[in-house]
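Chains as they are written, first to last, in my numbering: chain A, 1 to 349; chain B, 1 to 349.
Note that these hints are calculated values from the structure, not bench results.
Check each hint, because a few of them may be wrong.
It does not matter which identical chain is meant; a pair holds if it fits inside one copy or across any two.
Cut-off 25 Å, straight-line C-alpha distance, at most; resulting in silico cross-link-like pairs (SDA-like, lysine to any residue) [stated by the list, open to error]:
| no. | residue 1 | residue 2 |
| --- | --- | --- |
| 1 | Lys-138 | Ser-217 |
| 2 | Lys-59 | Lys-138 |
| 3 | Lys-38 | Glu-134 |
| 4 | Lys-260 | Pro-319 |
| 5 | Lys-261 | Ala-42 |
| 6 | Lys-261 | Glu-273 |
| 7 | Lys-38 | His-172 |
| 8 | Lys-261 | Pro-60 |
| 9 | Lys-59 | Ser-217 |
| 10 | Lys-138 | Arg-174 |
| 11 | Lys-38 | Arg-174 |
| 12 | Lys-38 | Ser-250 |
| 13 | Lys-305 | Asp-338 |
| 14 | Lys-38 | Pro-346 |
2 protein chains.
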Amino acid sequence: MNDDKEFRLSCPLPLTDYPHILMAHGGGGRLMHQLIDKIFVAAFGVGNLEATHDGAVLKPPGGRLVFTTDSYVVDPLFFPGGDIGRLAIDGTVNDLAMCGGRPLYISTGFIIEEGLATDDLWRIAQSMRLAADEAEVKIVTGDTKVVDRGRGHGLYINTAGVGVIEHDLEIHPRHLQPGDKIILNGDIGRHGMAVMAARENLSFETTIESDCAPLASSVQALIDGGIAVHCLRDLTRGGLATTLVEIADSSGYEINLDEKKIPINEQVRGACEILGYDPIYVANEGRFIAIVPGGDTDRVVEILKSDWPETAVIGEVRPARNGQVLMTGRLGAERTIDMLSGEQLPRIC
Amino acid sequence: MNDDKEFRLSCPLPLTDYPHILMAHGGGGRLMHQLIDKIFVAAFGVGNLEATHDGAVLKPPGGRLVFTTDSYVVDPLFFPGGDIGRLAIDGTVNDLAMCGGRPLYISTGFIIEEGLATDDLWRIAQSMRLAADEAEVKIVTGDTKVVDRGRGHGLYINTAGVGVIEHDLEIHPRHLQPGDKIILNGDIGRHGMAVMAARENLSFETTIESDCAPLASSVQALIDGGIAVHCLRDLTRGGLATTLVEIADSSGYEINLDEKKIPINEQVRGACEILGYDPIYVANEGRFIAIVPGGDTDRVVEILKSDWPETAVIGEVRPARNGQVLMTGRLGAERTIDMLSGEQLPRIC
């Protein structure tokens with residue numbers, strides 16, 4: 001649980017009266033209105049959320065629209081470097097950014113299990129507001145449901161996001177070209193390992209913090225810098241490996257990764273070894289790859305390094321039309337990288 | 001469970017291999033890709049869902065945007081007259097319509113409990129596709145999470161919706177005027193009582209079907225008919241009573257309801273009496289009120305009756321500035337209608 005100064009404001013819902021969420025808080029009556037007013041409107045701000053109406057009426061953006069959604073079921077709700085609320089904002093902001101969009105508006109859907117500590121909900125709502133301010137998006141509409149004990153797990157959050165595309169680039173795996181470089185904005189595997197370490201039944205402790213962060217301003221910097229970005233993708237569930245397998249498969253080209261160029265923090269590497277995970281499959285929440293024309297590589301690295309000092313060129317697109325990902329290992333041998341069948345780490349986002 | 005011809009197509013995911021959803025179906029790997037392809041893309045159509053990317057890039061609408069979200073946690077997943085999938089489409093379509101918007105795009109977020117019958121998921125996905133086609137909206141993006149057994153309840157669905165407002169009306173309770181009439185499109189209480197009747201532990205059986213239906217074309221007909229609509233609201237959680245209490249409170253005016261004008265089906269009335277519910281607080285999923293200038297009443301009734309034969313003028317806005325709702329009973333006495341504290345019927349949507 002986080003006790004930073006960001007969370008210092010006390011919850012406006014009287015915690016002595018309602019220390020825990022009740023089924024009745026989801027029933028559409030006075031208690032639900034009170035919950036929305038005292039937690040969500042109080043945290044998100046009245047200017048942002050038109051709480052008493054069915055939806056938000058918004059200024060139309062001046063370009064193509066981008067629209068995305070994600071549900072967040074991370075266990076536990078609070079973990080080193082973040083919480084489900086920050087994740088729910090950053091994750092959706094990042095999905096919009098990966099489509100080349102500037103994030104504008106966020107909706108929030110809460111599925112609360114009866115018995116959730118009201119103060120935890122307040123901390124999470126505040127964390128969402130901070131994350132939204134940081135990413136310059138507005139939380140404009142929302143919904144609250146409460147489910148019976150044993151029918152949820154504290155809290156699930158869905159966010160949907162609307163953004164605008166203010167340029168003419170078509171950012172998609174189908175635009176990959178042989179010779180394109182694959183650029184990564186930092187070390188991988190932190191988020192997944194931070195969440196694993198926070199799970200109470202895990203027998204090791206680390207100081208690994210989630211890399212959870214908004215990526216939209218970095219994408220904007222590339223676009224403003226005139227980079228002809230071919231593809232962008234954040235490295236969430238399934239990690240770097242799964243993302244690249246998807247991209248290679250969509251594009252039809254072979255992708256080569258250079259293992260020794262991929263930044264991995266020593267603690268993350270150690271934790272992965274103990275648990276038998278391969279960091280290239282571990283989820284991140286503030287890492288992305290930009291696939292760009294080879295000639296733009298230096299400028300992309302320069303632009304990204306101002307926010308992400310560990311930015312690295314980790315691979316390239318090759319002319320072979322086999323849609324596969326190969327990784328050149330530390331000793332020089334190439335091996336094929338495949339998608340995992342199921343999950344390595346369940347419920348990390 | 002529904003066996004209508006709409007559900008006749010067999011599920012493209014081999015049910016002999018995967019009769020139930022596994023945690024691994026949510027892990028971002030091959031099994032999740034297979035689930036998305038064989039269930040969601042198969043049901044929603046490839047033209048609608050850009051399944052392999054982080055979001056959908058959309059044609060910008062030519063007016064103000066409207067954006068809304070709702071999560072659906074109805075228990076049970078299938079009930080007379082509908083299922084959670086149809087509810088998730090119609091509910092969000094209706095929220096957009098109540099803002100005066102023409103629904104365009106829907107996002108879907110699935111939170112699946114491990115062990116859900118794969119065939120049930122397929123039926124629900126198909127039902128969503130049918131509901132979307134009926135409401136003329138496109139399902140354009142989505143997300144899938146799987147949670148452990150005992151941490152969900154079969155399936156929760158979040159939908160968010162984007163629509164466009166193609167007129168200059170400001171549809172909001174603040175535009176109420178004394179003399180406005182309150183017009184309802186049909187009998188109330190069906191949805192809540194249909195869901196209650198479908199719950200296995202309930203000791204009575206009825207043939208009440210949910211009123212679950214899309215309302216956008218009816219709203220469009222009012223706007224196309226040149227009606228100066230002041231306020232629109234669908235009568236979901238909390239029912240007619242809670243909705244009107246909210247509106248009266250926002251507008252500051254007194255609202256009067258005429259109890260004998262409110263259509264209620266005899267079976268619904270009977271079931272409510274047995275269970276001790278007041279139908280004016282029971283949820284609907286295909287009922288709305290339009291609050292319109294008194295002079296437009298006849299035309300509004302005429303327009304709505306073509307789709308909703310039971311359309312009725314059930315009340316009016318009065319000059320008194322007390323923000324209250326009064327109901328004139330069958331014997332002529334007026335009583336104040338208040339919001340309930342919690343829920344009458346949990347998890348009906």
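Results of checking the hints against the structure:
no.: 1; hint: Lys-138 <-> Ser-217; in the structure: within (15 Å within a copy, 30 Å between copies)
no.: 2; hint: Lys-59 <-> Lys-138; in the structure: both (12 Å within a copy, 22 Å between copies)
no.: 3; hint: Lys-38 <-> Glu-134; in the structure: within (22 Å within a copy, 38 Å between copies)
no.: 4; hint: Lys-260 <-> Pro-319; in the structure: within (22 Å within a copy, 76 Å between copies)
no.: 5; hint: Lys-261 <-> Ala-42; in the structure: neither (46 Å within a copy, 39 Å between copies)
no.: 6; hint: Lys-261 <-> Glu-273; in the structure: within (19 Å within a copy, 71 Å between copies)
no.: 7; hint: Lys-38 <-> His-172; in the structure: between (42 Å within a copy, 23 Å between copies)
no.: 8; hint: Lys-261 <-> Pro-60; in the structure: neither (43 Å within a copy, 41 Å between copies)
no.: 9; hint: Lys-59 <-> Ser-217; in the structure: both (21 Å within a copy, 23 Å between copies)
no.: 10; hint: Lys-138 <-> Arg-174; in the structure: between (32 Å within a copy, 23 Å between copies)
no.: 11; hint: Lys-38 <-> Arg-174; in the structure: between (47 Å within a copy, 22 Å between copies)
no.: 12; hint: Lys-38 <-> Ser-250; in the structure: between (47 Å within a copy, 17 Å between copies)
no.: 13; hint: Lys-305 <-> Asp-338; in the structure: neither (30 Å within a copy, 59 Å between copies)
no.: 14; hint: Lys-38 <-> Pro-346; in the structure: between (33 Å within a copy, 22 Å between copies)
Checked against the numbered hints above, the structure breaks hints 5, 8 and 13 and satisfies the rest.
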